[in-house]
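*Asks:* This is what each chain is made of:
There are 2 protein chains.
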Amino acid sequence: MLPLSVHHSEHPTRTDLPRVIALVDRKIEAFIDSRGFPPNLHDAIIYSVLGGGKRLRPALAWYSSLACGGSGDDSAQAGIAAELIHAFSLVHDDLPAMDDDDLRRGRPTLHKHTNEPLAILAGDAMLSLAYEAAQEHEDDQIAHRLSAELAQGTRAMIVGQVYDTLGGLPDDASPEEQLELIHRNKTGALLTASCRMGAICARASDRQLELITQYAQAIGLQFQVVDDLLDIEGSPEQVGKALGKDAAAGKLTYPGALGVEQSRLIVDKLAESASQSLDELEQSTTGSIEPLRDLGRLLTTRKQ
Amino acid sequence: MLPLSVHHSEHPTRTDLPRVIALVDRKIEAFIDSRGFPPNLHDAIIYSVLGGGKRLRPALAWYSSLACGGSGDDSAQAGIAAELIHAFSLVHDDLPAMDDDDLRRGRPTLHKHTNEPLAILAGDAMLSLAYEAAQEHEDDQIAHRLSAELAQGTRAMIVGQVYDTLGGLPDDASPEEQLELIHRNKTGALLTASCRMGAICARASDRQLELITQYAQAIGLQFQVVDDLLDIEGSPEQVGKALGKDAAAGKLTYPGALGVEQSRLIVDKLAESASQSLDELEQSTTGSIEPLRDLGRLLTTRKQ
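Line by line, the protein sequences give chains V and X.
Number 114 in this note's numbering belongs to position 114 of the first sequence; there are no gaps in the numbering.
Number 255 in this note's numbering belongs to position 255 of the second sequence; there are no gaps in the numbering.
Keep in mind the hints are simulated off the structure, nothing from the lab.
Be aware that one or more of the hints could be misleading.
Pairwise CB distance ranges, derived in the manner of DEER restraints [as the list claims (entries may be wrong)]:
id : chain 1 : residue 1 : chain 2 : residue 2 : range
1  : V       : Gly51     : X       : Gln283    : 52 to 58 Å
2  : X       : Gln178    : V       : Glu138    : 34 to 40 Å
3  : X       : Ala30     : V       : Ala22     : 52 to 58 Å
4  : V       : Arg207    : X       : Asp16     : 48 to 54 Å
5  : V       : Ala22     : X       : Asp16     : 57 to 63 Å
6  : V       : Asp100    : X       : Asp16     : 45 to 51 Å
7  : V       : Glu176    : X       : Ile232    : 54 to 60 Å
8  : X       : Arg107    : V       : Glu138    : 42 to 48 Å
9  : X       : Lys112    : V       : Asp172    : 30 to 36 Å
Computed from a prediction, not measured in an experiment: that's the story for all the values here.
All C-beta atoms in this analysis are idealised placements derived from N, C-alpha and C, irrespective of residue type, glycine included.
Only chain V is shown next, with the shape it has when bound in the complex (with noise of 0.2 Å):
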């Protein structure tokens, strides 16, 4: 990997967000840059991994890390997989067999700005190097348990896109179960992979993982909850992508199956139980949990 020219003034807390996404962003170009692709290839995943986002996954991982008593930056080799693993599934799923979207983040879709072969490629290459960038971890049991957590996560992600757009669900699940059964695989289990590998970063004790867990499992929910309500209450410019979408194709989603009142009371029961796992956890760690505490209420009201 390229060398990081990082001074220390760059990180006085390693708390703040966009210090934080600024230098997994630099780190996340350097390890593309040091692939050797060739340039269209290069270019596609640069365009699809650093092109607008919130690194949210690489932001979970961070603060998971500081919150079990990490440096935060332990964690950024787990916080690139995680990226690429999410970057690689926007890229497919955008694609005219799937979704069929033109827009992401404000920007043309990646099967739009190239072409439909280099996306499918590129989001495969993005999938293989999730792996890489996990194994590559200086601590090879470390590596060894990210890439298992990176496997869970993934494997699962797909399990959810599968229930959510082409079946599959158990017959006997009410519309409660099947959105859950959907969403913790779709959205939460990478979430919670992010958050679980941040942890294992900073060398977790058993104790703290779980909690990290319960952590990530409610706002990996709660995140997808209110993505279903920005669906229908947002605007293109603040969500960045076309809406309304999920209603026009009779998908089944929070405010579709229970109304938007009841989804908002699941988002703020969700946040409270994040919140009071964060509490336990502050019990046994020297880490801060404050940063994560934060995290997850900028999720109660928008969504990467």
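Using the hints, position chain X against chain V.
*Replies:* Relative to the frame of chain V, chain X by itself:
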């Protein structure tokens, strides 16, 4: 993973190719079954991985293990991983936006058999599953090395596919250099990774690993030249897919660039080089190199 009831009589010498393939297939199936996929995704993966094909990559891993004094069977996780990467690449390469193939191994391609979104997602799942298989090797250190080999092979494979179909090759490369750059990446790297992973599972010495790598690189390129020759000389029944497509698409091929006779000479030269590497390996191993030698010979006449 589900237990396998393997009788000793099933692998008397562990070198018999059909028996090795039958054993590997049962392990692949058990591995996929153990993931708890929804039925549509599960069936799509099984259809792609176990529907036809010769398991060349698991066989190379198995025989490379034997050649370095291993048990063959110790390479099973590596073989599953390599076959999953191979299967994922075929599914994505066959997509309408890519090669747009209707026929593969004498049967409908996955997107024809099911649908395009499921083919994209099943391919993604297989790629991720490959890393799961590698990291589940019982020895963590070996698992870590397998993941690195798999990453190297997969990244190169995707780069080779980009070179072959979307450009990005260095401007100053001659046609023969371009062909080698395409195929050492597109086909050779994963075959090399398969052999190296088998050797690593057998705890090969550095020298053994080097010779296995030389062997693999020679047969890897040979494999592709034979494939190019079959595309113009074979029959659909023999090859199990539509033929003459490379020439029709104006693709750079060995017989196209260098002529059929010159291409056959290259095949012979590469076979000789592979054989010499095995001769040297024979001096530094207690294992059996004959199975690997036989497999190399098989490739001079037929590609899977």
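*Asks:* Look at each hint and say if it fits the structure.
*Replies:* These are the hints, each one checked on the structure:
no.	hint	in the structure
1	V:Gly51 <-> X:Gln283: 52 to 58 Å	54 Å, holds
2	X:Gln178 <-> V:Glu138: 34 to 40 Å	37 Å, holds
3	X:Ala30 <-> V:Ala22: 52 to 58 Å	46 Å, violated
4	V:Arg207 <-> X:Asp16: 48 to 54 Å	52 Å, holds
5	V:Ala22 <-> X:Asp16: 57 to 63 Å	58 Å, holds
6	V:Asp100 <-> X:Asp16: 45 to 51 Å	49 Å, holds
7	V:Glu176 <-> X:Ile232: 54 to 60 Å	59 Å, holds
8	X:Arg107 <-> V:Glu138: 42 to 48 Å	46 Å, holds
9	X:Lys112 <-> V:Asp172: 30 to 36 Å	32 Å, holds
Comparing the model with each earlier hint shows a violation of hint 3 alone; every other hint is respected.
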